[in-house]
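Given the structure of chain Z, go ahead and fit chain R onto it with the hints provided.
So the protein sequences, as listed, match chains Z and R. If you're matching positions, the first sequence starts at 1 in my numbering and goes up one per residue. If you're matching positions, the second sequence starts at 1 in my numbering and goes up one per residue.
Note that these hints are calculated values from the structure, not bench results. Glycine included, every Cβ here is placed at the ideal spot set by N, Cα and C. Heads up, some of the hints might be wrong.
Output of the computed footprint for chain Z on chain R, the stretches with three or more beta carbons under 8 Å from beta carbons of chain Z [unchecked claim]:
id, region
1, 48-61
2, 165-172
Facing chain Z, according to a computed beta carbon distance under 10 Å, are these residues of chain R, among others [unchecked claim]:
id, residue
3, ILE16
4, GLY20
5, SER22
6, ILE23
7, SER64
8, THR66
9, MET101
10, PRO142
11, PRO143
12, ILE144
13, TRP146
14, ILE147
Some chain R residues well away from chain Z (every beta-carbon gap over 12 Å; in silico) [to be verified]:
id, residue
15, ARG18
16, HIS87
17, THR186
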Amino acid sequence: MMGMAWLLFRRSIAPFALIATLGLMLASFFLRPLEPLIEMTWAIYNFNFGTVLLAPILGGLAAWDGVRLSSARGIFVARGHALRSVVAHWAMGVLSVAVSYAVGAGLVAFAAHNSGTPAFPGALQAWTIVPAVGLLSFALAIGYVVGWHTSQPIYVGVVPVIVFSAIIFSYTVNLNFVRVGGATASMVSLRPRLDVGAAQLVFYIGGSVLALSMAAGGRRLSARAGAVAAGLGALALSGAFLLAADGTLETISPDVRCVGDGPELCLSPEYERFRARFVTASGPLVEALDLAGVPKLERLTQNGLDVGVGIGFIPMLRAIDENPEVVVAGSIVNAFTNSCRSRDTEDVWDASSLVVRWVYDAYSAVEQGDAIAIPDEVAEAFRVIAIQCTT
Amino acid sequence: MHYVRSIQVVLKRWRIGRIGVSIGAVWLVWGLLDGPLDVPGRDSIAADVWPLAPVFLALAIADSATCFSHETERTASRSLRGRKLAHVCLAGASVLALSVMTPAGAATGVVIRNAGFLVGLGYLLLRLLSRPYALLTIAMVPPIMWIMGTQPPGVAPADWAILLHPKSSIVATTASAAAVVLGIATLMHESTPQILRIRTPFGSRTSRP
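One chain only, chain Z, in its complex shape (with noise of 0.2 Å):
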């Protein structure tokens, strides 16, 4: 039985995937901004993002494999053995991704740990790479299947671009069953949905099911119609459950701490150690709204679902060792505008536009050492939102 499965091992496209899988999983994570490592939910929930890439590779070199295979199909077929060896070569292509995935994330956790972020994944951030190898399966089962009946090269061509176009699709639209990961802003107070992730897995096992049922040719048909059934029964089950559900993410209160006052600042726990910098940063800012006459701010919270007037969310932390300061600033015009119940009218609107643009100008002064400077104009446009907004 081992040496079946070793030679199983050798001849089908499980070292390549290994290699591939591991590879091009951590290039993809660390080849980008690495500000996820900060949270460890968002550091393997953007790890699961590179199954955007990988998915159409393992679908190209399933599909060569498949052809490979139906080069012996006659074999096969007389033998009864057609749906027994692409499901072979499958499955022995899936463990390979599945232990290379793990791996992957487990260094990429560790990464983050080291990084200084509290605390390893738990239950539920491990979880999330569950979907995302079941996404990889399914995309290897198509590709078995196309190179399988169809026996030409170009698939392995073809099959990548269909994939990956398919993957694209269902993120601008917000289809949740072909995607499983990838997010460009703090994950503070959003957490993955169990429920969301396991219908992923069913709609992903349905999908191979009904792929490689459908590799079986010749004989055994009434096996077939059963596995059919139970993969079609699967997608349709959790599709439109999937359909149905409103995002793979829930928004929860994130477990804050807020010191200070003159605005409170609070901070979840992976973003305890830049709290320093964060005061810092916020201080002359404060002091020149202040010495506007602008109203106080209350409080600077990373609680998603605490924002009302007068309080900012920090809602993201982009390149957050060159400047905190642009973050905080960010967070302070958001307060003002955010928040703004009627800031859909024009004057405000200008009001606004006129503030982002001093902010940002204000805090590139605060690099170069420079004091911040209230012009007339923006103090004014200050006073014209405060006055919508508490109103």
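The following block gives chain R in isolation, referenced to the frame of chain Z:
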């Protein structure tokens, strides 16, 4: 009527029908981006997608060019060089056919440049790598340029993501010209070495008993 039969043979061996289908696929993609179908978020992705669509043509041309490693082509009485040149002309005509169909809002020059780059790269890779690797590489060039090379809206794409560059980009035009010249040269050259000879990703079906 023997020439009718000859044309049929060429159509079949060079898989010209498939090249036609690939041109149709590009046209379809452009039509969907530009047409009546309501695609949410279309405006944000259409500008990035239309320059990448010629990848279908590049795949079909590369697939068609594999015929030159087939015995029937290699042992045919007419000059191999002449037939390869004819294949290059076929590729050129296909690129021109694409450029004629360029959608509104897209630049014809970019279509020709990108299709030329991908087709030239196809010819080149086909001689340097074994067929599955060549096809997989061509297929993954646009996705990688798009996913790794695009920047936030309003910022120019990365220098190496040449398929996304505007019409005026000198880097992209040079790279495209280089790909075309190198591709044709490797196609014409009989003994270009194949770097990656292995036929299967790992191990071979026949290497062990």
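Here is how each hint holds up against the structure:
Given as covered by chain Z, the region 48-61 of chain R passes the check, having 4 residues with a CB less than 8 Å from a CB of that chain where 3 are the minimum. Here the region 165-172 of chain R counts 0 residues with a CB under 8 Å from a CB of chain Z, which misses the bar of 3, and the coverage is violated. The criterion of a C-beta within 10 Å of any C-beta in chain Z is not met by ILE16 (chain R), whose closest approach is roughly 13 Å, and the hint is violated. Interface hint status for GLY20 (chain R): violated, as the beta-carbon distance to the closest one in chain Z is roughly 14 Å, over 10 Å.
Because the beta carbon of SER22 (chain R) sits about 9 Å from the nearest beta carbon in chain Z, less than 10 Å, this interface hint is met. Taking 10 Å as the C-beta contact cut-off toward chain Z, the hint placing ILE23 (chain R) at the interface is violated, the least distance being around 14 Å. The restraint placing SER64 (chain R) at the interface with chain Z holds, with a minimum CB-CB distance near 9 Å, inside the 10 Å limit. Because the beta carbon of THR66 (chain R) sits about 7 Å from the nearest beta carbon in chain Z, less than 10 Å, this interface hint is met.
Contact between MET101 (chain R) and chain Z, as hinted, is not supported at the beta carbon level, the nearest pair being about 18 Å apart and thus beyond 10 Å. Annotation: interface hint on PRO142 (chain R) holds; nearest CB of chain Z at approximately 8 Å, less than 10 Å. Hint on PRO143 (chain R) holds. Least Cβ distance to chain Z is approximately 5 Å, under the 10 Å limit. The interface hint given for ILE144 (chain R) is met, as the beta carbon of that residue sits about 6 Å from the closest beta carbon of chain Z, less than 10 Å.
Checking TRP146 (chain R) against chain Z: minimum C-beta separation of about 8 Å stays under 10 Å; hint holds. Interface hint status for ILE147 (chain R): upheld, as the beta-carbon distance to the closest one in chain Z is roughly 6 Å, under 10 Å. Not every C-beta of chain Z lies more than 12 Å from that of ARG18 (chain R), the closest at about 7 Å, which undercuts listing it as non-interface. Its beta-carbon lying about 16 Å from the closest one in chain Z, HIS87 (chain R) satisfies the requirement of being farther than 12 Å from that chain.
The beta carbon of THR186 (chain R) sits about 18 Å from the closest Cβ of chain Z, which is more than 12 Å, so the claim that it is off the interface holds.
The structure fails to meet hints 2, 3, 4, 6, 9 and 15 from the earlier list, while all remaining hints are met.
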